[in-house]
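S.K.: Spelled out, the chains give:
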Amino acid sequence: MSEINPRYADGIDEQVALEHVTAEEYETILTELGRAPNRVELGIFSVMWSEHCSYKSSRVHLAKFPTTGERVVYGPGENAGVVDIDDGEVAVFKMESHNHPSFIEPYQGSATGVGGILRDVFTMGARPVALMNALRFGSPDHPKTRQLVSGVAAGIGGYGNCVGVPTVGGETNFHPGYNGNILVNAMAVGLAKREGIFTAAAREVGYPVLYVGAKTGRDGIHGATMASAEFGEGSEEKRPTVQVGDPFTEKKLIEACLELMTENAISSIQDMGAAGLTSSSVEMASSGGLGIELDLDHVPQRETGMTAYEMMLSESQERMLIILKPGAEPVAERIFRKWDLDVATIGRTTDTSRLVLKHKGEIVCDLPLDPIGEKAPKYRRPYTEAAKPAAVDPKSIADPADLGAALLTVMSSPDMASKRWIWSQYDRHVMADTVASSEDPADAAIVRIHGRDKALAITTDCTPRYCFADPREGGRQAVAEAWRNLTAVGADPIAITDCLNFGNPERPEIMAQFVGCVEGMAEACEALSFPVVSGNVSLYNETDGKAIPPTPAVGAVGLIPDVAVRAGYGGMAEDMVLLVVGETAGALGASIYLREIEGREEGAPPPVDLAAEKRNGDFVRAEIRAGRAKIVHDLSEAGIAGAVADMAMASGAGAKLAYSGELPLAAWLFGEDQARYLIAADETTAATIRENAIKAGVPVEVAGIAGGDAITVNGGHALDVTRLKRANEAWLPDFMAGGEVMAAE
Amino acid sequence: MKTAVIVFPGSNCDRDAAVALERVTGRPAAMIWHGDSALPEGLDLVMVPGGFSYGDYLRSGAVSARSPIMQDLVRRAGEGLPVLGVCNGFQVLTEAGLLDGALMRNAGLRFICEKAPLRVETADTRFTRAYGDRKDVTIPIAHHDGNFFADDETLDRLEGEGQVAFRYAANPNGSARDIAGITNAAGNVLGMMPHPERAVDPALGGTDGLGVFESLLGGRS
Amino acid sequence: MKARIHVYLKPGVLDPQGVAVATSLNHLGFDEVTAARQGKLIELDLDGADADAAQARVKEMCDKLLANPVIESYDIELSA
Amino acid sequence: MKARIHVYLKPGVLDPQGVAVATSLNHLGFDEVTAARQGKLIELDLDGADADAAQARVKEMCDKLLANPVIESYDIELSA
Ligand SMILES: Nc1ncnc2c1ncn2[C@@H]1O[C@H](COP(=O)(O)OP(=O)(O)O)[C@@H](O)[C@H]1O
Ligand SMILES: [Mg+2]
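Chains as they are written, first to last, in our numbering: chain A, 163 to 907; chain B, 4 to 224; chain C, 42 to 121; chain D, 42 to 121.
Excised from the complex, chain A in its bound form (with noise of 0.2 Å):
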């Protein structure tokens, strides 16, 4: 117990005090501040040593990632990841989750997830270029699902088509381990001069300080604190904690910003987020080793009698802070008045280490930075790994009598039918740079670098099922999946960024599936060579003590040198000869055969063979970069049959798939097995595909013959390509008419 006395200043109490921070977070405090802290101090601590802010739980883990590599420029520990793209040029890329207020205000939340991942990157003086979505969604049964994907689609489109920015791709899973508990995670991508780049750190003594963009509101202020004495007047009414997007103060901004950077006036730049004003100002100084003091009397403020308090916890959106040049003070005016923005000088850096704020002439804190953030509380939270679950025998597993409606019924599933619905809500072309996006048969996104031949690939990546039943094996795979895809469309995969959704970490079975998939994907990274340059952690998904399955979803880059020579899976022709790459062993645990088929959810994901996965991926980035393989489709949920049938209702054409090996046919068809690519070749080419593959000891095998207007297996089962286009493009637009939704902002 610590000697300090008072223990508690300010009016806090031991209530009070425990809504902000742990009993023992507390006593660190006294002790490190040697004195009770005020309130506007209390909550400051509250929310740099949250779980957002602090990573507390996932710190020690999130060590085990490989960050650097040879076109690694900045890792994590800046805004964003930050990845060299030849030329002179870099690519800004990270993901971050917004599920909380998704869940409570679909809309709003999900377009300030959008609004919160575009600031990362323009802050680093990168132009975003794409954005990405990773959605995950309770069971279509249940009763909120419809109205959450219609808020997310719109809030998502919303945000991202005011702003100018295309949505090019993403994933949507359906799941009842999501009804509590949604996952909106979004990504951005943006494109910068490699000598172009800002960070975040304070680097001189004297500087002003810049505060931009919308005006403090009560937005959004730390939930802890509603109880709290401090809002005596007013009634609940005065306090939302939703957030409000405003996109078109976001591209103004954006304009602004980039246009500042321009202008040799920016030592240093920072976006509020999470924790606003006081996360940006803590961060600035002390990763810059530097104090910073705050006349808070400057803030730009939207409503009348504010408290410091409020003010440094508000969680306002489209607000960036700045550490100017000095001297610089006109330019930056003239630039943010001619966009309609406010700015303020609201400070200046200093030597003390410590952050200082003023308010209404007082000093309302006064505290060391060091234990804001280098002495953050760190846990090593206790794990214990469940028993990993058995292999499923594909002999075990009786084939349906008609294969072809087997097909139908898995491709028209909620997880794997067309999410037109969504997507076709997102602008996708703005930019003119967009080269392929959800509408268009290829694995990754691809967009033009503005003015070249070169192009990025972009993908997100995660299969939870996969997690849920072998953390390990489910984080290797979901960086497998994400090198692979952008394999195929015939880039060089570069990094990865990633946000990782959890349960609760104190329960010691959510920290092993946390622990798991993060070894599993350091693995992976390693391996392939594709290091984790930004992401985010998002813990306590959880509603009733139930998790959510474990999505640590991965969203990854790669580069396209001629944007020319790519593949997609569109265009499959009569008489093409398929090819599958890499092995078939006919993997059905945690399948989506078996979950929609045979109605389980069990048994152990396909291993994961990253020898296999990188071998089989070169030959056949080399084969679509020599010209041969045009036509290339990863193999993943639903194998075979899953990649034939998008071909086929890419291409409107069918396919006649022999086999004659010892596996059931519906093992074979559907088995998950990983580092295997599907390519469709004319009979010439596909030869000499063949032969290449055989020299480079890469397994590979005919799957058939593309033609007629069905897909039919050893000459049965046929299944109409045009009957199951329908039924893949039905299923989400019927479940959305099914019942009343209203438009959503």
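Possibly wrong hints are sitting among the right ones.
Listed below are the simulated DSSO-like cross-link pairs for lysine-lysine, each with C-alpha atoms no more than 30 Å apart in a straight line [said to hold, decoys possible]: (1) C:105 / D:51; (2) C:105 / C:51; (3) A:377 / D:51; (4) A:500 / C:105; (5) C:105 / D:81; (6) D:100 / C:51; (7) C:105 / A:377; (8) A:540 / A:487; (9) C:100 / D:105; (10) A:500 / B:5; (11) A:540 / A:550; (12) A:792 / A:616; (13) A:522 / D:51.
Everything labelled a hint here was simulated from the structure, so no lab data went into it.
Assemble the complex: chain A is given as a structure, and chains B, C and D with the ligands must be docked to it using the hints.
M.R.: Structure of chains B, C and D with the ligands alone, referenced to chain A:
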């Protein structure tokens, strides 16, 4: 050919418009800030680009239509200067009174980004002549408020005077009489919801929008 | 002074939002709803105390910006 | 019976539309406008004649569908 693109805060197809214009004319377009009071002299075309000028707050295009540059644009359009408004630009031109009707919320209430099959309704305008006998083109749409409305009398007049430039082959948004684009009575102002500037580059899947720009150049596609 | 402005779609202008509201309410079991229309509510805070002058000015604001005469009509309520 | 419903953003919730309206009116020379807020106006036609019952039902409609309680509040006016 000398062209200009008007930039409002919240325009986001301004660069796309400029790239398309430069691709077709071989000369960079002048970018004109909405707060300026006059357009440059000697222009052959002004493009009002797509986007969400002023966030589409209040009504799409309403606030932009009242910005300083628009007064000069209205005046110059009256003198015969060709003006092309695309998407948000079309909304701005109706709000500014340069074109008839109004663009309301899509009938389905959702934003729609799709490739839209269109019919070139009259090849007899200075924006469509390059299409010649070609009737069917596909140009992408991306909008929330593209539902064209005008009263019956106005619609009859637009049709009667050959002012309907484009119609949707499959009406995506509830537009009256499937109208996707109209001209003014004098024929020098075209507003259309589909984005021709997004269909000028074969690498991005389609060049059906080229005709609009080539028409202005006087060529045939 | 405060002004409250209602902006309505004119009769004859199809109101997709209103239709969606009515349909959704019916789906939810509110069968008594036979029609719905959606408009805008704009509230202004105004300097000055002369109600007649304010009425004229707000009318001008509506004509110039707040309503689109092609599709909308409006009414104005002033209060102190 | 008719119901007129005003849906407002709760105080303190950012209202970008309202801000844009006020700024734009100021730009157009209406300097007396010091603030603007934008909300929704929903009008319903209702079967039945019992005003008390209607009031309760319309309130239910607002809670269930017409207003988003996280950020919006509403009021209801009934007329014959
Ligand atoms: N799962 C992760 N993997 C790698 N880096 C991570 C991960 N989570 C967070 N980081 C890094 O930690 C830093 C802080 O993250 P975060 O607080 O989410 O950023 P911001 O303050 O911009 O919201 C960032 O540099 C981020 O890239
Ligand atoms: Mg940040």
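S.K.: Work down the list of hints and note, for each, if the structure agrees.
M.R.: Outcome of the hint check:
no.	hint	in the structure
1	C:105 / D:51	holds (28 Å)
2	C:105 / C:51	holds (17 Å)
3	A:377 / D:51	holds (17 Å)
4	A:500 / C:105	holds (24 Å)
5	C:105 / D:81	holds (20 Å)
6	D:100 / C:51	holds (26 Å)
7	C:105 / A:377	holds (28 Å)
8	A:540 / A:487	violated (35 Å)
9	C:100 / D:105	violated (35 Å)
10	A:500 / B:5	holds (27 Å)
11	A:540 / A:550	holds (29 Å)
12	A:792 / A:616	holds (17 Å)
13	A:522 / D:51	holds (28 Å)
Checked against the numbered hints given earlier, the structure breaks hints 8, 9 and satisfies all the rest.
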